[in-house]
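According to my numbering, the sequence shown is numbered sequentially starting from 56.
Read the hints as simulated data drawn from the structure, not as lab findings. Any given hint might turn out to be false.
[Unchecked claim] The calculated SDA-like cross-link candidates involving lysine to any residue, where the alpha carbons are at most 25 Å apart (straight line), are:
id : residue 1 : residue 2
1  : Lys235    : Phe166
2  : Lys332    : Tyr289
3  : Lys89     : Pro73
[As the list claims (entries may be wrong)] Pair by pair, the computed Cβ-Cβ distance ranges are:
id : residue 1 : residue 2 : range
4  : Lys122    : Pro236    : 40 to 46 Å
5  : His187    : Leu342    : 16 to 22 Å
6  : Val242    : Leu371    : 25 to 31 Å
7  : Lys235    : Tyr301    : 30 to 36 Å
8  : Phe254    : Asp359    : 29 to 35 Å
9  : Glu337    : Phe227    : 39 to 45 Å
10 : Thr70     : Asp340    : 39 to 45 Å
11 : Gln63     : Val111    : 20 to 26 Å
Just so you know, even glycine gets a beta-carbon here, dropped at the ideal spot from N, CA and C.
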Amino acid sequence: MGARVSRQDFEWVYTDQPHADRRKEILAKYPEIKSLMKPDYNLIWIVILMVLAQLVAFYLVKDLDWKWVMFWAYAFGSCISHSMTLAIHEISHNLAFGNCNALWNRYFGIFANLPFGVPYSISFKRYHMDHHRYLGGDGVDVDIPTDFEGWFFCTRFRKFIWVILQPLIYAFRPMCINPKPITYLEVINLLTQLSFDIFIYYFFGIKSLVYVFAGSVLGLGLHPISGHFIAEHYMFLKGHETFSYYGPLNLITFNVGYHNEHHDFPNVPGKNLPLVKKIAAEYYDNLPQYNSWIRVLYDFVMDDSISPYSRVKRHLKGEVKQD
56 MGARVSRQDF EWVYTDQPHA DRRKEILAKY PEIKSLMKPD YNLIWIVILM VLAQLVAFYL
116 VKDLDWKWVM FWAYAFGSCI SHSMTLAIHE ISHNLAFGNC NALWNRYFGI FANLPFGVPY
176 SISFKRYHMD HHRYLGGDGV DVDIPTDFEG WFFCTRFRKF IWVILQPLIY AFRPMCINPK
236 PITYLEVINL LTQLSFDIFI YYFFGIKSLV YVFAGSVLGL GLHPISGHFI AEHYMFLKGH
296 ETFSYYGPLN LITFNVGYHN EHHDFPNVPG KNLPLVKKIA AEYYDNLPQY NSWIRVLYDF
356 VMDDSISPYS RVKRHLKGEV KQD
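Whole structure, please, built from the sequences with the hints as guidance.
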């Protein structure tokens, strides 16, 4: 557990990200994919049902022993919380109400944020658009770990701790790499979330509030679904910077595992990404792919050639436009 990883720096490249060129090539060959670029109105009802499910859970855990509060926070709350973050990911692409109703998507994202406990929906949208436009961009893409992460989390044990700390790291990394001024929508997100947290405490009690926060922290840390954080862009195979996962957990994560397809067509909702893969199969079938996020987590920790440094990074050219 004390052996150091072999990487000492990121994988610097001097080429553009591959997704824009592949998107143009696929659309030229399969223009019918454009018909998949539309909102997923079912997403609205799924999010509402998940919020209601958590409200029921708040009531059910409020009088349990603490050990059972924590058990259900991990067994159920963590799955709902992490799934909701991926619903918010869909909403950040305006896939609930469409691009013509962008503000509706922002407010719906704030609503979806409620059972997560911590306000982040609006900020996530701002940074996530940078991730798509400037994938791997130095100083812009905050999905890339900091140099400190690559330097410090360099043994198997430290990488294991890094996996557990993912929710905290993802929360504070943007402020270190690419801080942005606060917007009025972020203030609304904050005030709405604080009001809802107070509502939980007042009507259900401290155990329900702990259930909320514990579920969110546990769900984004050492959890099977959290394998997608690493599977999406960590370079397990040199020459590739985005990887897809085609396993069963896509059923509760809005097909976020179809990540090459998502970066090629970010305005296609998750439910239609399998159709993209089916239509343009020759572009995706031979790309490196996973069928287990748990295996991804295990390999990340145990493989001494993989670390937070295992990311493709590039210096950006020209003007960088950010939200």
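So, going through the hints one by one against the coordinates:
Taken as a hint, the Lys235 and Phe166 pair is honoured in the structure, with Cα atoms around 23 Å apart against an allowance of 25 Å. For the proposed pair Lys332 and Tyr289, the alpha carbon gap of about 21 Å is at most 25 Å, so the pair holds. Distance restraint check for Lys89 and Pro73: the Cα-Cα separation of roughly 19 Å lies within the 25 Å cut-off, and the hinted pair is therefore satisfied. For Lys122 and Pro236, the Cβ-Cβ distance of about 43 Å falls inside the hinted range of 40 to 46 Å, so the restraint holds.
Range check, His187 to Leu342: Cβ separation about 18 Å, and the 16 to 22 Å hint holds. The supplied range of 25 to 31 Å is met by Val242 and Leu371, whose beta-carbon atoms lie about 30 Å from each other. For the hinted restraint 30 to 36 Å between Lys235 and Tyr301, the CB-CB distance of approximately 35 Å keeps it satisfied. Here the CB-CB span from Phe254 to Asp359 is close to 48 Å, at odds with the stated 29 to 35 Å.
Between Glu337 and Phe227 the CB atoms are about 42 Å apart, so this pair conforms to the stated range of 39 to 45 Å. Here the CB-CB span from Thr70 to Asp340 is close to 23 Å, at odds with the stated 39 to 45 Å. Hint check: Gln63 to Val111, Cβ distance near 50 Å, so the stated range 20 to 26 Å is violated.
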